[in-house]
Structure formats: structure tokens, C-alpha cells
Amino acid sequence: MAAGAGHAGLHFDRVDKRYGSVYALRNVTLSVAAGDCVVLAGRNGSGKTTLLRLAARLTRPTDGTISGAPEISAPQPAIGFVAHATMVYDELTAGENLRFFGKLLGLPRVNERVAELLKEVGLAERKDSLVRTFSRGMRQRVAIARALLAEPRLLLFDEPATGLDPEATAWLAAQLRKLRDAGCTILMSLHGESELAQLAGRAVRLDAGRVVADTRTGATFHSVYHFTGG
Amino acid sequence: MGLLSNAATLLAKEARTEFRSRELVSTTLVFVLIVVVLFSFAFDPTTSESRRFGPGLLWLAFLFAASLMMQPSFLREQANDTLSALRLSVRDPFAILLAKIGANTLFLLLTELLMLPVFAVMFNVAVVPQLPGLVLTFALGSLGIATAGTALAAISAQARMRELLLPLMLLPLLTPVLIAATAVTAGLLAREPVLEWKGIGFLAAFDVVFLTALWLFGEYLLEE
Numbered sequence: 001m002a003a004g005a006g007h008a009g010l011h012f013d014r015v016d017k018r019y020g021s022v023y024a025l026r027n028v029t030l031s032v033a034a035g036d037c038v039v040l041a042g043r044n045g046s047g048k049t050t051l052l053r054l055a056a057r058l059t060r061p062t063d064g065t066i067s068g069a070p071e072i073s074a075p076q077p078a079i080g081f082v083a084h085a086t087m088v089y090d091e092l093t094a095g096e097n098l099r100f101f102g103k104l105l106g107l108p109r110v111n112e113r114v115a116e117l118l119k120e121v122g123l124a125e126r127k128d129s130l131v132r133t134f135s136r137g138m139r140q141r142v143a144i145a146r147a148l149l150a151e152p153r154l155l156l157f158d159e160p161a162t163g164l165d166p167e168a169t170a171w172l173a174a175q176l177r178k179l180r181d182a183g184c185t186i187l188m189s190l191h192g193e194s195e196l197a198q199l200a201g202r203a204v205r206l207d208a209g210r211v212v213a214d215t216r217t218g219a220t221f222h223s224v225y226h227f228t229g230g
Numbered sequence: 001m002g003l004l005s006n007a008a009t010l011l012a013k014e015a016r017t018e019f020r021s022r023e024l025v026s027t028t029l030v031f032v033l034i035v036v037v038l039f040s041f042a043f044d045p046t047t048s049e050s051r052r053f054g055p056g057l058l059w060l061a062f063l064f065a066a067s068l069m070m071q072p073s074f075l076r077e078q079a080n081d082t083l084s085a086l087r088l089s090v091r092d093p094f095a096i097l098l099a100k101i102g103a104n105t106l107f108l109l110l111t112e113l114l115m116l117p118v119f120a121v122m123f124n125v126a127v128v129p130q131l132p133g134l135v136l137t138f139a140l141g142s143l144g145i146a147t148a149g150t151a152l153a154a155i156s157a158q159a160r161m162r163e164l165l166l167p168l169m170l171l172p173l174l175t176p177v178l179i180a181a182t183a184v185t186a187g188l189l190a191r192e193p194v195l196e197w198k199g200i201g202f203l204a205a206f207d208v209v210f211l212t213a214l215w216l217f218g219e220y221l222l223e224e
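Those protein sequence lines, which keep their order, are chains A and B.
Per this note's numbering, residue 1 is the first one in the first sequence, and the count goes up by one each step.
Per this note's numbering, residue 1 is the first one in the second sequence, and the count goes up by one each step.
One chain only, chain A, in its complex shape:
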């Protein structure tokens, strides 16, 4: 699979995100070069999800600017996003979900692309089953397939291995490796050791909405990724 033409980088410049009086992100400045694979680490509530949603332009920053991320309204669909929620419809089958989003994205040869992805995520035999009958791991596989539908230039994954068995995690790692090698920019939050973390060339740690460590600023990948150092 080749990522779409023209790769996307990301630049957060002194970004604040506040919900009422609570800061989810505070003065975040972060640059992700096109083609980078970056892991976001941090405790629950540290701001990882907010940062990913801002990058996807699903929410606006309270202050500061974000540049480089493809516009949602760009002519070519360019962002693949996997969130905590599956972002697929329980009342549709796996195949219907993917065909529906494929049509919205304006993909050519939707049926072939959907069949190919369902086979890759191991759900070809369950393509006509309603998603609500799936286990959490199977739903997550549909969610990942949906995010990869348009071969996006920017992938934003929020704990993508949630619910996946080792086989599916290995498949996901292989997919992401291929996309990374094709120049796709990947930003993902992870908890704990995973073969997905090994794909990243950089780790950024958030704490209470601030970037507290970054391998680009001299820290080692391990010291940033692991929850040590307060």
C-alpha cells in the first residue's frame, strides 16, 4: 500500500486547549516532520487524546496555531484517525461500514478496496455480520480498516492496539511499517511496551498537558517512553 501523494507534517505552536477552566494542553510546541513516526506517551489525562484530536482538526485550539495537517476539506482525503471509540456503526455490517465510509471519501473501486482490507484484518468471513455482534478486538480491526481506507498521508492513532490479539497487533505493526516506509506521517499514543513502539523513531512525553520530554531534545527514547522521572 502506498501513501497518497504529498506527505504531511505537523507543527503545533504554543497551543493551549482548555475545557472550561481545565487545561487539557498548555503551551505545547511540537513539530513532527513529514514521514516521521512519533509515539506519544504519558499518564491518563496527560493530553495525548486532545493533542491527536487537535491534529485531526476535530477540535480547535483555545490558543496557538496548528499548521501542516491536511485540511479535512482537502481534495484528497488525507487523515486516518483511530480513536478510543471505534468510529463505526454498530447497526451496519463490517462490509457496509467500510463501503459507506469509502463512498463518502469518494474512493474509486470501493468494493475491491473494502474486500482487500477486510481480508487483511481477518474479517473477510464476517463481512456480513453486524458490528454490534463483534468482540472489542474485532471492532478495533474494523476501526483500523476504516482509518486505512483512503491510504492517508497522516495517521493519528490513539492506543490502536486496544483489544487486539498478538496476531492482529503484529499485522498492524507490519501495516504501519509499510506506511512509514512509504513516507506516511504517523503520530500515535501508546501505553506500555508494544511492537508498535518499535516503529517510532521518536517519543514525546506529555504530563498535565505539557510536553515534558522529547527524544529530539536530548532524552533517550526509553527515558521518554517509560513512566519514570515524575
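Keep in mind that the hints are not guaranteed to be accurate.
Unchecked claim - Keeping only pairs whose Cα atoms sit at most 20 Å apart, straight-line, the calculated EDC-like set for lysine to aspartate or glutamate is:
hint	chain 1	residue 1	chain 2	residue 2
1	A	Lys103	B	Asp81
2	A	Lys103	B	Asp92
3	A	Lys103	A	Glu91
4	A	Lys178	A	Glu167
5	A	Lys178	A	Glu195
6	A	Lys103	B	Glu14
7	A	Lys103	A	Glu151
8	A	Lys127	A	Glu116
9	A	Lys103	A	Asp90
To be verified - Footprint (simulated), chain B over chain A, 3 or more residues, beta carbon under 8 Å:
hint	segment
10	22-32
11	50-61
12	90-100
13	167-174
What the hints assert, rightly or not - DEER-style ranges, computed between Cβ atoms:
hint	chain 1	residue 1	chain 2	residue 2	range
14	B	Arg52	A	Arg136	56 to 66 Å
15	A	His84	B	Val194	54 to 64 Å
16	B	Pro129	A	Lys119	24 to 34 Å
17	A	Gly20	B	Pro129	55 to 65 Å
18	B	Ile155	A	Lys119	34 to 44 Å
19	B	Ile155	A	Asn44	23 to 33 Å
Treat the hints as calculated values from the structure; they're not laboratory data.
Model, not experiment: these values are computed from the prediction.
C-beta: ideal position from N, C-alpha, C; glycine also.
Could you slot chain B onto chain A? The hints should help.
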């Protein structure tokens, strides 16, 4: 992919999920049925009283039903955060609103048409000769209710006390639709039926104004 083709894809999805769950139309139909029957028992109207009060009671029932029907439009999208997936998939967010409006209009119109024979029997009025005029009035009225209702459902879905908030905002906003639709329906069911084009024009204008406002500013309703 264009606005209309995106909206058509979304509308087909809305229809498919409703066809499978049958949640909205069936519950709304039962609700309107109960209200119409209760009204007829409470007033026990003669034919002339029915002609006078029936249209208002009918549209009140439709309005209450609509406030129930609009509520899940966006709440359904929150369960799995599918609204975010939609926003990442369509180029123009108005397509999402347009599809929701289309679906709500169709479901409401279907409920109204299914209720019409029941209303005719309970209130002892002849509706068949005036069917074209009634369908036109129902269609324009339903579009107005669905347009305003969908916009407010998008707003209230992100609020606390959302179940209370939507009817509180919707019912006053739809008072002009209620008045115009009631007047046109009353004209059609009168002893000497007449189609009040002034009322039809008002309903059409309401629809155009709200659709245009949503086209211009609807994007902000879908943001977090």
C-alpha cells in the same frame, strides 16, 4: 465527492439503520397515536368542532413527536464517536446536516401520513379529497420542523440536560410553523375547502431561511 452525493450516501445510511432498528418511526407513531386518541377522548368533538380544533391538535401532536424524534439524530453518533468519522470523511460538513434533515423529514412525513387516517376517523373529518393539499402542507411543515430540529439537536447533543433542552428550544422556535401549518390544514378541512397559498408561502420561506442559515453556519454546530 460532491455535497449532494455525500448527502445521498448519508441519507441511505440513515434509512438503512432506521429500517433495521425501527426505533424512531415506531415510537413516534405510537406517541402521536396516543396523543390524537387522548385529544379526541378529552374533547369528544362534533364535526364542526373537529374542523375548528382538529388541525391545531394534530400539529401539536406532530410537534411533540418531532421533539422526541430529533433527539437521537446526533446522540446516536456520539455512542461510537461516528460524528468524528463523518467529519473526517466528508468535504462539506453541510452534507451531514442535509442528510439528517432529509432523514428526519422523511420519517416525520411517514408518521404523519400513517396518522392521517386515524385522525380522520377519530375526529370525523374527510381527508381524502384534500390529500394533495395536505401532503404539500405536511411536507413543507415537516421540512421546517426537521431543519430547525436537526440544528437544535446538534447543539443540545453536546449539552448537559439535553433531553430537556431540545424541546425547550424547539417548541418556541417552531411556533410560526405551527401557526401557519395549522391555518393551512384548517383551510383544507373546512366545510368549503381552500388551499391558503399565503400559509404555504410562509412555510416554504421558513424552510428556505433555515436551510440557508444552516448551509452558512452549520459547520460550527458539528464542532466539539
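Inset, instruction - Return holds or violated for the Cβ distance of Pro129 (chain B) and Lys119 (chain A) against the range 24 to 34 Å. - result: violated, 59 Å
Inset, instruction - Closer than 8 Å, Cβ to Cβ, for at least three residues: run that test on the segment 167-174 of chain A against chain B and report holds or violated. - result: Answer violated; 0 residues pass the 8 Å Cβ test.
Legend entry - Distance restraint hint 34 to 44 Å, applied to the beta-carbon atoms of Ile155 (chain B) and Lys119 (chain A): holds, 42 Å
Legend entry - Lys178 (chain A) paired with Glu195 (chain A) [C-alpha distance capped at 20 Å]: holds, 14 Å
Inset, instruction - Can you take a look at whether the segment 90-100 of chain A is actually covered by chain B? Rule is 3+ residues, C-beta closer than 8 Å. - result: holds (count 5)
Inset, instruction - Given the hint that Lys103 (chain A) pairs with Asp92 (chain B), test it: the Cα-Cα distance must not exceed 20 Å. - result: Holds, because 14 Å separates the two Cα atoms, which is no more than 20 Å.
Legend entry - Coverage of the segment 50-61 of chain A by chain B (three or more Cβ within 8 Å): Contact hint for the segment 50-61 of chain A vs chain B: holds, 5 residues under 8 Å.
Legend entry - 20 Å limit on alpha-carbon distance, applied to hinted pair Lys103 (chain A) and Glu91 (chain A): holds, 18 Å
Legend entry - Proposed proximity, Glu14 (chain B) with Lys103 (chain A) (alpha carbon, max 20 Å): Holds: Lys103 (chain A) and Glu14 (chain B) sit about 15 Å apart, inside 20 Å.
Legend entry - Pair hint outcome, Lys178 (chain A) versus Glu167 (chain A) [Cα-Cα no greater than 20 Å]: At roughly 17 Å apart (the allowed maximum being 20 Å), Glu167 (chain A) and Lys178 (chain A) satisfy the hint.
Inset, instruction - Below or equal to 20 Å on CA atoms is what counts here, so check Lys103 (chain A) against Glu151 (chain A). - result: Given that 20 Å is the threshold and the Cα spacing comes to 14 Å, the pair holds.
Legend entry - Verdict on chain B covering the segment 22-32 of chain A, where coverage means 3 or more residues with a C-beta closer than 8 Å: violated (count 0)
In terms of the numbered hints stated before, the structure departs from hints 10, 13, 16, listed from lowest to highest.
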